[in-house]
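Taken in order, these protein sequences are the chains called A and B. Mapping of the first sequence onto our numbering: residues 5 to 374, in sequence order. Mapping of the second sequence onto our numbering: residues 7 to 312, in sequence order.
Hints are computed from structural coordinates only; laboratory data are not their basis. Note that CB positions come from ideal geometry on N, CA and C, so glycine has one too. Heads up, some of the hints might be wrong.
To be verified - Stretches of chain B that chain A covers, calculated by requiring three or more beta carbons in the stretch to come under 8 Å of a beta carbon on chain A: (1) 96-106; (2) 110-117; (3) 230-239; (4) 282-291.
Claimed, not checked - In silico DSSO-like pairs for lysine-lysine, Cα to Cα no more than 30 Å straight-line: (5) A/Lys26 / B/Lys94; (6) B/Lys188 / B/Lys97; (7) B/Lys94 / A/Lys363; (8) A/Lys54 / B/Lys120.
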Amino acid sequence: MTAEAVPASAILLRSGNVRVKKLAETIAIPLGALLASAVLFSIFLLLLGKSPIEFFALVWTGGFGSSFAIQQSLQRAAPLLLTGLAFAIPARIGLTIIGGEGALVLGGFAAAAIAIPLVSNSAPAFLTLPIMAIFAMSAGGIWIGLAGWLRHYRGVNETISSLLLSYIAIAIMNFFVEGMLRDPSSANKPSTMPIGDAYKVGNIPGLDVHWGLAAGILLAVVLYILMSRTTFGFAARMTGGNPRAALAQGLPVGFLIVSCCMIAGACAGLAGFFEVAAIHGQANASLVAGYGFTGILVAFLARHNPLVIIPVAVLFGAIAASGGVIQRRMAMPDATVLVLQGILFVVLLVSETFYGRFKIFQPGRTGDRT
Amino acid sequence: MDSSAIVTVLIAMLGGAIRVSTPFMFVALGETLTEKSGRINLGLEGNLVLGAMVAYAISFHTGSPWLGVLAAGVAGLILGALHGYICKLPKVNDIAVGIAFMSFGTGLAFFFGKPYIQPSAPRLESIPLGNWTGNPALAQALQVNPLFFVGIVLAVAMAWALRNTRWGLIVRMTGDSAASAKAMGVSVDLVRFLATAAGGFLAGIGGAFLSLYYPGSWNQGLSSGQGLMAVALVIFARWNPIRCIFAALLFGAAGAIGPALQSVGISQGYYFFNAAPYILTLFILIASASSKGAAREAPGELSITK
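With the sequences and hints as input, model every part of the structure.
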């Protein structure tokens, strides 16, 4: 056997091995973080004299225990899936955009606003709904795209600008909902004109879950392919890894950043569209429900992988869906879920430090590394 | 709008600036200290909300609002210390940890704050400084809370200490070049940990002002993002504690436009004027990000300006 023949097959074997080990690491560390946060939260509950076993049992039954519970979880997973994508896509290009909430609100408002003339002229639903969706996605896309534009062309930190834009978006909605576009019959809770049941987005056949879930899953798959299997995605990930190298290679960094941000905003805007067209039927303060912020957590847990976002969003949908049961059965405030999410978020970020620390996930000794 | 209405609006804005600026001032001073050491803490919003809740609860149980202020500071200190400890771990992103602490702090505050939404706790007394004017509106506007003066004294002291003391030099050096701090035998992690914890303490006190003075009650919508706007405010003030005072006053005045106009009967666009501080912050960020001066004065190790 010659000296050259051995490494060829060995390298092949080892590269397979490396992939498996890397995959094992990316699964084991977030799972460990989930477990560690469950333990920390249990200690928190024990200190308060509550039973952690009862709590997690309730999360299970409230989230997945019956077909009704599962459908409730899926219903809540739909916006989280979309807002999770809204954080994950810019994260791949190295941006920390936390304005998903604002893009969702603005998208929902844009959809409700454009629906008013269409509905009052009794335009057909098959035309109205796509127009509403397009408006919602454009509004969200422009909003987050603006944060990306400011980042690249003016050097404004995107985290802070996207958050400020969020507050401005909520103010814009309030301004119109309490003024010009207020439905006079909405006395207690100012809202836009309801679109009416005839225009509402229906449920997926056989399920009590609206089409937003299907749209979210489809988008997640499409965006996964875009980010990992196309030149656009490759260029975007390269920009995220090293912006200077990307610029030196002549990649259109500005275009990539603004497009990724616009895609993100469109996802969040679409979530707003479904909240309006499938749930509330109008735009009002209920749109500001914190989906944008939970989406950040979803994206982090999924390590910004669009496909992994799908199950993670379902998990968080289940936690949110069980909030009501927990409140009633354990006499705990509804903010319990927020505490759990907060602990999870912190532990998850701490777990980032463990990548590359465990020997068992590392490839075997390559050459004579010291 | 006649001249008396304009005067009314201006006086209301002055009063608003003094009233609303205090939490901005405390959070901005805390953030300045943290950023001077080369780290950014985006989670001060969490400290602010948790501080507000703790201050209200302690003031309710002990009857002493000043004890509440102290407790709020300690709550903020704990959150800040946790943030400081986590950020020194390798590969951990300080901006993301800030977002996590924002949601953790608000979650804790909402969880433990539920029983305190109804009861009313003793509040901080204000100092009437405007009685000599003989103008009731002006006297009302010049009802100043002692924490406002504490904030100003603190800002002056911090500016002096950063410039003239050994500690100030160490903080600035750590923020500008971790390598040279290491070469001088300074523990970069320890300095940043202490600066983040102290910054958290100040942000907690800012929260106490919200619940114990203005608006003066505890509820879940108490903070409208002041903790985050303060981060932008620090950039606007170019990491200078004295400029933080003026920036905070400006933000306070911007926030007071909506209610001030409403008091003279202009309710049109109330919600639009509510957005004024955010729009102002955004424009300030755009203006200062493109000016070379801001970049020159920024601490060299800061991730947000790199």
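These are the hints, each one checked on the structure:
no., hint, verdict
1, 96-106, "holds (count 9)"
2, 110-117, "holds (count 7)"
3, 230-239, "holds (count 6)"
4, 282-291, "holds (count 5)"
5, A/Lys26 / B/Lys94, "25 Å, holds"
6, B/Lys188 / B/Lys97, "19 Å, holds"
7, B/Lys94 / A/Lys363, "22 Å, holds"
8, A/Lys54 / B/Lys120, "17 Å, holds"
Figure legend: structure checked against the earlier numbered hints; every hint is met.
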